[in-house]
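Here the protein sequences line up with chains U and H, keeping their order. Numbering-wise, the first sequence is residues 1 to 497 according to our numbering. Numbering-wise, the second sequence is residues 1001 to 1478 according to our numbering.
Some clues are possibly wrong.
Chain U side only, calculated, beta carbon under 7 angstroms to chain H, not exhaustive [said to hold, decoys possible]:
hint: 1; residue: Ile60
hint: 2; residue: Pro61
hint: 3; residue: Ile62
hint: 4; residue: Ser63
hint: 5; residue: Ile129
hint: 6; residue: Glu132
hint: 7; residue: Leu144
hint: 8; residue: Leu155
hint: 9; residue: His162
hint: 10; residue: Ile163
hint: 11; residue: Val166
hint: 12; residue: Leu170
hint: 13; residue: Phe173
hint: 14; residue: Ser174
hint: 15; residue: Thr177
hint: 16; residue: Gly453
What the simulated footprint calls covered on chain H by chain U, stretch by stretch (three residues with Cβ under 8 angstroms from a Cβ of chain U suffice, anywhere in the stretch; the number is not a length) [stated by the list, open to error]:
hint: 17; segment: 1383 to 1395
hint: 18; segment: 1428 to 1438
The set of hints was computed from the structure by calculation and includes no laboratory data. Where a beta carbon is used, it is the ideal one built from N, C-alpha and C, also for glycine.
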Amino acid sequence: MLMMELYIALFLLSVVTFLSGKNAKVYSLAVSGAFLLIFLFYFSYRYWGLSAVHGTLQTIPISPAYGFNFSLQSSGLSAVLVVIATFVIFAAIFVSSGNYSQVFYGLIMLTMSGLIGLLLSANLLFFYIFWEVVLVPVYFLIGLYGNRRSDTVSLKFFVYTHIGSVLMLLSFFSLYTYYFYETNGSFSMSISSLMNPALFETMPVFWRGFVFFGLFVAFLVKLPSFPLHSWLPDSYETAPYPVTIVLAGALSIMGGYGFFGILLPVVKVIPQGFLLALIVLGIISLIYFSLSAMSQLSMKRMMAYASAAAMGFVTISFGSGAIELQNSFSPSLYNLAFAGGMYQVLVHGLIMAMIFSSLYYVTKSTGKEMIGSLGGIFRGAPVISSFLLVGLLASLGLPGMAGFVAEFSVLAGIYGEIGMWILLIIFAMLITASYHIWMAQRTLFGPYNEVLGNIHDAGASSSAILTVMMLAIIFLGVFPHSVFELFTNYASGVVIP
Amino acid sequence: MTAVVTGIDALQYFIPEFILGITGFAILAAGMFGSSRKVNASITFVSLAASFVYTLTMFNHPVYVLSSTFLLDNFGLYFMLLFLAAGMLITFPAIINISAKSEIFFSLLLFTTVGMIIAASSSNLIVLFVSFEAVSTGTYVMTAFHKTERTLEASTKYFFTGAVSTSIIVLGISYFYEATGTFYLSPSPAIISSGAMLVSLILLVIGFGFKLAIFPMHQWAIDTYDGSENSVSAFLSTGSKLVAFMIMLRVFVSGFYGDANDFYIIFTLLAIVTMTYGNFSALSETNLKRLLAYSSVAQAGYLILVFSAAGYAIGISDTNLMEYAVAAGMIYSLVYIFMKGGAFLAMNLSSTKKVDVSDLSGLNKKSPAAALSLSILLLSLAGIPFTGGFLGKFFLFLALIEVKLWWLAVIAILNSAVSVFYYLRVILVMYRGEPSENIKVSSLGVIPLVVCAAAVIILGVYFALFSTVLGFVGGLFR
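Chain H on its own, in the form it takes in the complex:
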């Protein structure tokens, strides 16, 4: 049974949040006394790492706190680790481009991460909404950092679409309350598909769909990823995106359990158009950051296949298969952080703001390690074996076949084959031709890539991970 903790004892379960929050203020204070950006980054990294380690100790003791608005179980903790890892990944690379007032950037990063890990540990719609807003607000400011014309444009687009999507989410939540009479997300098959439920479903799909950048709610993402700093793009496309994905798992798979057929249909349609649109748009793109942004849209399409498989499995009343689908999505999220985050961080290898594919030509001659690592990351995005991307797609497609959605698996796989075109194009450019003068190799640019590539390779051969993650899925339904 899940323990229930009340009163002041509950505070001990928020130590990861406290570590980050207090450090955030400390960095702001240190900034007043002129601490350098390297110091700020180091403090940020240490506090994220401390929070990460503490979170690890909380596994396997599920507990309800604060009037059951918070639920700390393995499912949420797993995502907390992912978000903390996403934060750690961009801390040091951010030094390259964040020159002035770095304390503000790093404290923002910490505050945003607090919002993320709170989102991971709640199954109450109000708490989820508030933490989701905290993440959004933090990332609005991070996107606009430095206030250049490019970043301001990116941030404005992000802010306006974000504000609209937020209001749609609130509307959706109110319909949810109307239909179910509760803000708690728990699977109650008694709720049958009602009119209010369907309206709520559509509104929530639209609202969260903006954050996940699924077609047709994706256009802001292309411009924002392109316009913001490289490490911010990396953070937006990994951490911020996965928060939306995690919340969607909670909201749809758990909250709309009784309405699975509807979200199966909606997400299947969205997944097909999102994958296809993302991949085909990326084909003709020569701006590398936009190419990665479109590929990120396509990847969101793969991610929401989880909802198709899970929804279909619930529809045929097979909870085992539903759990496989969710676990496949969780594995994919883990791999996604490293492969997509790493790929965006690779933009730091170019000295230009608008990174063209040709800007990386001949990278192999300047830095073989960077070229090899980026190749591994791109191969992983394409889903080639011995990389984490293969593992993620492997379990995702396996989940689809297990619920006998063979036609959807075929569509996804053909899409995956199309994506090979543009990833391999980039790889070939790096290994051929003369080094372009825009390449700027620094240890801060290369080391994160090597780390990501190593992580992707390790994940690629660690098949046993699936059974571990499968054990975490139950937390979705407590």
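Just chain U, same shape as in the assembly:
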């Protein structure tokens, strides 16, 4: 109900941003803020009972005979992710310095409407279209507003994701074709009929593998996971801070949603080799990205690696949960792993938005981005340093904050499957903790770097948005039940054992 109307309104209002002239920031802030509240109330109302798995399906037929429809349907997972994505983009617009033109805000708003369309789409054709369309505004945001090397970096970002997404398109084509054979002549692109284990079981082994290969590559590029990650540090570093917030906080949801929103119904038929590869890549990502992060000189790049490392939990939880399911473990175990992975997608967006926002304020007040040129700024800017510290602690998984809940439930859920290999993950978590603390030590505390001169602290508005983020992180860490239960229900409702 109402979803379609809301979405079309959002899309049109986003396009209007390009015409909003000098008031672009105020306008886009108003629109995203209004939609944040609307989504928050709408989905709270819709999913309060915690039992609903899917919302109502609404469809605009495009070419129904061929199965091409524009249809939207929310789920327990996408509802939460839509709210968080809207919030992150609202925050990105909020912290932006306001010197940007209406094109900048228009592109950010387009990114938001594309992302929300992707999360709500119930048709694979439009899932693909939004997946691809989100790239274009982000490409321009990096290419036009980025700092050094922005032209090559934005191209790299685009081409990486584009290759992944076209492979995904081929997978969808194969499914579409086999659905046609299977039903003797009817076409469908809807997620519910194509993402169906029964359909996969009728496909030859090669084509099943082909489909999963394409989807895995697309999602792994976007997460990102080793070895498809090299666009990420460059893009995060080159993009201006508001865009980095969008990238790290909102767009990182896409890969995770690909796994849990699209692939979850068919985990039963994913070949075990693929799942093992997923776990291995996840563990490599965790360790390798954490080690890379440790050796970075720039705070922004370090946090980019931290963001990539955190996504290792998503692949590990998905892979192990799926293997547990195929080996007939208890449903409560693999649902815990799945829900933990989803929770990680959610809190990662929030935490990264907070870290990059506070990094932005640090950079703004000191003019420095390299770790070596900072030091002891807690003395001059205690408020902003505290917020950065909170973000870092949340990111390293301190109990009481949201990140801990996700990591703990993933570890608890996967132990049954991966056994002693869990030590590797613990090891990676140790590295993660150490470089977070080390960075805080070198930048926030210690002797004051006199070269910086007098620095000013964050103002009231920046404290306000960071406080909201902090409260959300702590709320999700202390009362995870509200959302976690929703994810567990979603997992147990969608997974077909």
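Got chain U sorted already, so can you dock chain H onto it with the hints?
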């Protein structure tokens, strides 16, 4: 059943040709009395539009005329509309560069278009050949227009390769006659692969391949597109190219129906090298027109994937899938006119003859509408959703997957990803940096771009078009 019309009644089916031909002579006559180029262009446009509208009324009444050498059905009529649209697209932009003796240019345009729409309405090899020659001859002269050193060089290259390819086509046709005993192109599975058939196939692929500019018969196209006037380049790379594509659909998918496996192999190899060569050559190109020319070679590679998919589908005796492949090619042709034609017409925004990528730097500041439209066209060439280019590639790759040529689809898709590099490079240049002094914004330069961009966007969301076009494919086999 298809009706057969004989005698003088047949003339009513040639009204579109008559409209264009008579107007062509009228313009020549008007030129003697000094009509201005704007008047000539307007008359040309009106007659093309009239012909277009009349063609629309001829749909859904398939008919054989003139001893069955002409067949007017939805397949041919669809392509007639495309050719007329390609002509209309360049009529007004041509005013910018065609200064002297414009009546000759515009009447040539009309005569060439007559050749094109005759080609679209015949399935007889002799008629196809003659109309194809008419198109070639017309475009030779159009390329050389103004007789500057650049255009003459472009035209000479075009003429010599064109003449060679023509003779190869004639040779191929004679072998075809030797193998089948007929000049009529109809699918007769009885014709099995014979030696003469194979020779004919190879010769015809080479001959038509020149016109379509597929590797290794492409080199003339790069120099000719670069050297001729912008609107002529646009016409060569859309109208003239699609005539070759349409004839190839008739010749290979229909005429070589019994020999599908051979042309599947040949076209698959050619498609792979053409796409790869075109895209990788465009990567390092800084001359914008040559960049577009290489991209046009790559696009020809995508187009001939249709023959791979269709040939493979015939090989596994699945006519449904074969029809999908052909329909995908027809959709791609439609989109191609607007995206490629529009992109070449964008060269009119620069005042230099040799347009460099950097000549468009800062275009956004001088004319946001032109920059946005050209970006849409380039994104469409790259195949980004919500543009017609996406729709074309979507159905093309879908056709490949449906016949289970997954490896070919993967090659095509990786190529498509490579192409993103050079299209996006141009877009970024337009939006960054200071406006270059070579930018010359005029309403004649910008409006066609906006029209093309709008068409590309409309086609990009019109998925239902596919089922309509699919209904036209049957005409290939009457």
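Results for each hint:
1. Ile60: violated, 11 angstroms
2. Pro61: With Cβ-Cβ at 9 angstroms, over 7 angstroms, it is violated.
3. Ile62: Since the shortest Cβ distance to chain H is 5 angstroms, the answer is holds.
4. Ser63: holds, 4 angstroms
5. Ile129: OK, holds: Ile129 (chain U) within 7 angstroms of chain H, min 4 angstroms.
6. Glu132: holds, 5 angstroms
7. Leu144: holds, 6 angstroms
8. Leu155: Since chain H brings a Cβ to about 6 angstroms from Leu155 (chain U), closer than 7 angstroms, the hint holds.
9. His162: Holds: closest Cβ of chain H sits about 5 angstroms from His162 (chain U), inside 7 angstroms.
10. Ile163: holds, 5 angstroms
11. Val166: Result: holds, 4 angstroms to nearest chain H Cβ.
12. Leu170: Hint on Leu170 (chain U): holds, closest Cβ of chain H at ~6 angstroms, below 7 angstroms.
13. Phe173: holds, 4 angstroms
14. Ser174: This hint holds: Ser174 (chain U) lies near chain H, its Cβ roughly 6 angstroms from the closest one there, short of 7 angstroms.
15. Thr177: holds, 5 angstroms
16. Gly453: It is violated, given that the least Cβ distance between Gly453 (chain U) and chain H is near 34 angstroms, above 7 angstroms.
17. 1383 to 1395: holds (count 5)
18. 1428 to 1438: holds (count 3)
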